[in-house]
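Chain order of the listed sequences is A and B. In short: position in the first sequence from 1, add 708, done, that's our numbering. In short: position in the second sequence from 1, add 14, done, that's our numbering.
Among the clues, some could well be false.
Restraint-style ranges between C-beta atoms, simulated for each label pair [claimed, not checked]: (1) Lys84/B <-> Arg784/A: 55 to 61 Å; (2) Gly874/A <-> Ala125/B: 45 to 51 Å; (3) Arg322/B <-> Arg809/A: 29 to 35 Å; (4) Arg732/A <-> Met161/B: 25 to 31 Å; (5) Glu785/A <-> Trp325/B: 26 to 32 Å; (6) Glu500/B <-> Glu911/A: 43 to 49 Å; (7) Glu951/A <-> Lys281/B: 51 to 57 Å; (8) Glu488/B <-> Ala910/A: 36 to 42 Å; (9) Phe972/A <-> Tyr316/B: 53 to 59 Å; (10) Gly307/B <-> Thr890/A: 20 to 26 Å; (11) Trp325/B <-> Thr890/A: 26 to 32 Å; (12) Lys84/B <-> Glu785/A: 49 to 55 Å.
Some chain A residues flagged as far from chain B (calculated, every beta-carbon gap over 12 Å) [claimed, not checked]: (13) Glu744; (14) Tyr942; (15) Ala948.
Straight-line alpha carbon distances no greater than 27 Å define the calculated DSS-like cross-link-like pairs of lysine-lysine that follow [claimed, not checked]: (16) Lys372/B <-> Lys129/B; (17) Lys281/B <-> Lys327/B; (18) Lys315/B <-> Lys880/A; (19) Lys256/B <-> Lys315/B; (20) Lys516/B <-> Lys880/A; (21) Lys59/B <-> Lys84/B; (22) Lys372/B <-> Lys113/B; (23) Lys781/A <-> Lys315/B; (24) Lys851/A <-> Lys921/A; (25) Lys256/B <-> Lys84/B; (26) Lys315/B <-> Lys327/B; (27) Lys372/B <-> Lys879/A; (28) Lys540/B <-> Lys879/A; (29) Lys851/A <-> Lys113/B; (30) Lys781/A <-> Lys516/B.
For the record, the hints were derived by calculation from the structure and aren't laboratory data. On a predicted model such as this, the values are computed, not experimentally measured, just so you know. Using N, Cα and C, we set each Cβ at its ideal position, and we do this for glycine too.
So you can see what is in the structure, the chains are spelled out below.
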Amino acid sequence: MIVTIDGKEVSCERGEYLLDIATRAGIRIASLCHHEGLQGQGCCRLCTVEVETGRGDTGRGEGAQSGSFSDKKPRREIVAACIYPVEAECVVYTDSERVRRNRGILLALLRASAPASEEIAELCREFGAPDGARYEVQSGDGKCILCGLCAKACQTLGTGAISSVGRGTAKKISTPYDEPATVCVGCGSCAAVCPTGAIEVAEDGDERTIWNKTLTLTRCSRCGAVTGTAFEHYRASVHAGTEPPDLCPDCRRKAMTDTMAKTFGV
Amino acid sequence: MNRSILVCCGTGCIANGSLAVADALRVALAGTDVAVEATGETEVKETGCNGFCENGPILRVMPDDISYYKVKPEDAADIAASIGAEPLERLLYRDDNDKPVLRQADNPFYAPQHKIVLRNIGQIDPQSIADYTDCGGYRALERALQMTPEAIISEVEASGLRGRGGAGYPTGSKWRAAMQYGEYPKYVICNGDEGDPGAFMDRSTLEGDPHCVLEGMAICALAIGAQEGFLYIRDEYELALKHVTKAIRDAEEAGILGDSIMGSGKKLRLAAVRGGGAFVCGESTALMASIEGRVGEPRAKYVRSAQRGLWDKPTVLNNVETFANIPVIIGGGGENFALLGTDSSKGTKVFALVGKVKRTGLVEVPMGVTLRRLIFDIGGGIVGDRPFKAVQTGGPSGGCIPEKLLDLPVDFDTLTDYGAMMGSGGMIVMDDRSCMVEVARYYTNFLAEESCGKCAPCREGLRQMLSILTGICEGRGLPGDLEALEEICALLIDSSLCALGKTAANPVLTTIEHFRDEYNAHILEKRCPGGVCRELTGSKKDGTGVTSSKAGKGDLRV
Numbered sequence: 709m710i711v712t713i714d715g716k717e718v719s720c721e722r723g724e725y726l727l728d729i730a731t732r733a734g735i736r737i738a739s740l741c742h743h744e745g746l747q748g749q750g751c752c753r754l755c756t757v758e759v760e761t762g763r764g765d766t767g768r769g770e771g772a773q774s775g776s777f778s779d780k781k782p783r784r785e786i787v788a789a790c791i792y793p794v795e796a797e798c799v800v801y802t803d804s805e806r807v808r809r810n811r812g813i814l815l816a817l818l819r820a821s822a823p824a825s826e827e828i829a830e831l832c833r834e835f836g837a838p839d840g841a842r843y844e845v846q847s848g849d850g851k852c853i854l855c856g857l858c859a860k861a862c863q864t865l866g867t868g869a870i871s872s873v874g875r876g877t878a879k880k881i882s883t884p885y886d887e888p889a890t891v892c893v894g895c896g897s898c899a900a901v902c903p904t905g906a907i908e909v910a911e912d913g914d915e916r917t918i919w920n921k922t923l924t925l926t927r928c929s930r931c932g933a934v935t936g937t938a939f940e941h942y943r944a945s946v947h948a949g950t951e952p953p954d955l956c957p958d959c960r961r962k963a964m965t966d967t968m969a970k971t972f973g974v
Numbered sequence: 015m016n017r018s019i020l021v022c023c024g025t026g027c028i029a030n031g032s033l034a035v036a037d038a039l040r041v042a043l044a045g046t047d048v049a050v051e052a053t054g055e056t057e058v059k060e061t062g063c064n065g066f067c068e069n070g071p072i073l074r075v076m077p078d079d080i081s082y083y084k085v086k087p088e089d090a091a092d093i094a095a096s097i098g099a100e101p102l103e104r105l106l107y108r109d110d111n112d113k114p115v116l117r118q119a120d121n122p123f124y125a126p127q128h129k130i131v132l133r134n135i136g137q138i139d140p141q142s143i144a145d146y147t148d149c150g151g152y153r154a155l156e157r158a159l160q161m162t163p164e165a166i167i168s169e170v171e172a173s174g175l176r177g178r179g180g181a182g183y184p185t186g187s188k189w190r191a192a193m194q195y196g197e198y199p200k201y202v203i204c205n206g207d208e209g210d211p212g213a214f215m216d217r218s219t220l221e222g223d224p225h226c227v228l229e230g231m232a233i234c235a236l237a238i239g240a241q242e243g244f245l246y247i248r249d250e251y252e253l254a255l256k257h258v259t260k261a262i263r264d265a266e267e268a269g270i271l272g273d274s275i276m277g278s279g280k281k282l283r284l285a286a287v288r289g290g291g292a293f294v295c296g297e298s299t300a301l302m303a304s305i306e307g308r309v310g311e312p313r314a315k316y317v318r319s320a321q322r323g324l325w326d327k328p329t330v331l332n333n334v335e336t337f338a339n340i341p342v343i344i345g346g347g348g349e350n351f352a353l354l355g356t357d358s359s360k361g362t363k364v365f366a367l368v369g370k371v372k373r374t375g376l377v378e379v380p381m382g383v384t385l386r387r388l389i390f391d392i393g394g395g396i397v398g399d400r401p402f403k404a405v406q407t408g409g410p411s412g413g414c415i416p417e418k419l420l421d422l423p424v425d426f427d428t429l430t431d432y433g434a435m436m437g438s439g440g441m442i443v444m445d446d447r448s449c450m451v452e453v454a455r456y457y458t459n460f461l462a463e464e465s466c467g468k469c470a471p472c473r474e475g476l477r478q479m480l481s482i483l484t485g486i487c488e489g490r491g492l493p494g495d496l497e498a499l500e501e502i503c504a505l506l507i508d509s510s511l512c513a514l515g516k517t518a519a520n521p522v523l524t525t526i527e528h529f530r531d532e533y534n535a536h537i538l539e540k541r542c543p544g545g546v547c548r549e550l551t552g553s554k555k556d557g558t559g560v561t562s563s564k565a566g567k568g569d570l571r572v
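Chain A on its own, in the form it takes in the complex (with noise of 0.2 Å):
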């Protein structure tokens, strides 16, 4: 079926997620909690638009046809593009005047609570974001915004050291009780998928500290590359019963080449 989004058409699956239709169309919808390994957070709301449904005029195709809506008056409302399924035929403002308020305060708001992060001050920029000189600006150098991206990330990879911790305004992402979590491997995929580079991760030498928690790095034989942490690859062996990587990917990579060099002879 076919959404309009900004006035330009784009055939669709239904059930498909507003924003990865647009993405594919090459349409630009900030987002900040979105990760298309991890979907479904719908927590930063930063992608929300005006969705029109049920107008009588899009009355083609199947979805239009069938659309719950089809008889009634049309409605816009707003929604997360990021967990909207579309199910019927619709038409999509990301840019409307109602949109782009909300997106500004919203950007606002992020910008008081996360001062540091550079990426919430350039998306303020971008979208114009006002002032927000009443806004009671969090001290220190946060970054995080709360998307909870890192703590499904963790939990998805099955270990599960961090989540969020309070509610509210209290609300924050750590350890149990703050503590160096006993089963966090630092593999780092927390800091990796995180949108605002909130989660420090420091290397020192053969030492990797992240989360309060120091681990050891192994390197790889051939280039001395780091390929992960020593607990890392211990933990993997045990579940998966894979053997600790020698070598990086890059020079895994390498070696692989030189082997079938040398047995085709090239």
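Keeping the supplied structure of chain A fixed, place chain B upon it in accordance with the hints.
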């Protein structure tokens, strides 16, 4: 003539010592055996909440229908001696003209009420399934077993019943949606998380008539094809949990619930679940997450729970009060039920009338009753006959309604039109010594603490709203603050993930709309007309100013 003395043993009366009263009465009656021949047997029965808790312990002699209030164990001997003789005048309620009132129905607090949900509460022993069946209990379920799911749902639709938890979604439509999905298992959930400050109708219902809620759930389960259900009960509701757990066990032992509902071969297993202690767990999707053992955070409702709810299966979730209406609808017919109420809101609503009214408590009135009747007739007006200022309805999701709107009929749509909300039925009355800015600050603070913190507009918006409101209350308000508040409110309404955030703006927006003068007095003149905000009453330096309350920051100073 055999009599029973109904001793109110709801949470409120127990706190006032009603269990000791009941014990003392049993002792006193045992000592008056000689009179049995003349007066018949008298049994002491511990019942659920009568709703007039501030006058507890409440006691009612039946069938004479004499109600005594503020009874103490020391009164037991006098009461026992008065059975079949002259009523004990000193324990009677005195109406507005200081006239003693004998019957409950003549008490000005009860007279205007119309009880459907609370029909049995205060009359039956909630721990006795026989008491419930004696007054017609489980007959609606029996009837439902003879009906098709379609017929049950049509009956509920005909009643016009709308969800009593706050949103007012048509119950019949919800059930129909869940019935239509062919995916099993399906679930039925009763929301007894009741977190609004001041509201206690669900607690009283679960405590005082648990079987009627179970019966409503069983009828729903038959209609949608569910075989399993949960009652999610707020963690603090100890007595409700106890009574519900016993009621489930008794109903299963009696063959009414369990593996074969009244011998029909249809199965329904119910279980009580303790709440997680968070306000947001009263939100349906957060509640389901909590039952599943996850953190109580809501999810987006683009796909409704009727399709994918608990464990992603079709689920009907209704509030306690909603389920309590169901046996009446199935037993007496949907159209009969629809005779009561307004065009769009049928039946009755239970309100928790609290604050600065002379008579506080739980009241059930037909939909469409005016706020004035609730506050001035049932509630008896403002304490000390001070001027009325506002009534806060619907808890933290609701709004403040000023004097000029007191003749509004109370139903789902009217209050929403005015930015307030009927919500779960909390009703806090305030007099001229309340500060509306402080009220807005209180609710915003409550929500900032109780928001799940998952979505950014709600968490960050409430944080900044609280900061601005606290500034205004402490004399740091600036011109432009109201506009800043309104901007954030607009974002919350549009962009929040769940209803908590979408309605969190109501207390602020309604107070700005109806009491802008008070905000301006705080911001421009650094003055608190209600005399509540400490920093603006001149009391902080020399101690000579007047503050109306010693309450701490966390308490609502009304």
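Cross-check of the supplied hints:
no.	hint	in the structure
1	Lys84/B <-> Arg784/A: 55 to 61 Å	holds (57 Å)
2	Gly874/A <-> Ala125/B: 45 to 51 Å	holds (48 Å)
3	Arg322/B <-> Arg809/A: 29 to 35 Å	holds (32 Å)
4	Arg732/A <-> Met161/B: 25 to 31 Å	violated (50 Å)
5	Glu785/A <-> Trp325/B: 26 to 32 Å	holds (28 Å)
6	Glu500/B <-> Glu911/A: 43 to 49 Å	holds (48 Å)
7	Glu951/A <-> Lys281/B: 51 to 57 Å	holds (52 Å)
8	Glu488/B <-> Ala910/A: 36 to 42 Å	holds (41 Å)
9	Phe972/A <-> Tyr316/B: 53 to 59 Å	holds (55 Å)
10	Gly307/B <-> Thr890/A: 20 to 26 Å	holds (22 Å)
11	Trp325/B <-> Thr890/A: 26 to 32 Å	holds (30 Å)
12	Lys84/B <-> Glu785/A: 49 to 55 Å	holds (53 Å)
13	Glu744	holds (18 Å)
14	Tyr942	holds (29 Å)
15	Ala948	holds (26 Å)
16	Lys372/B <-> Lys129/B	holds (21 Å)
17	Lys281/B <-> Lys327/B	holds (18 Å)
18	Lys315/B <-> Lys880/A	holds (25 Å)
19	Lys256/B <-> Lys315/B	violated (33 Å)
20	Lys516/B <-> Lys880/A	holds (22 Å)
21	Lys59/B <-> Lys84/B	holds (17 Å)
22	Lys372/B <-> Lys113/B	holds (16 Å)
23	Lys781/A <-> Lys315/B	holds (21 Å)
24	Lys851/A <-> Lys921/A	holds (20 Å)
25	Lys256/B <-> Lys84/B	holds (26 Å)
26	Lys315/B <-> Lys327/B	holds (14 Å)
27	Lys372/B <-> Lys879/A	violated (41 Å)
28	Lys540/B <-> Lys879/A	violated (33 Å)
29	Lys851/A <-> Lys113/B	violated (68 Å)
30	Lys781/A <-> Lys516/B	holds (23 Å)
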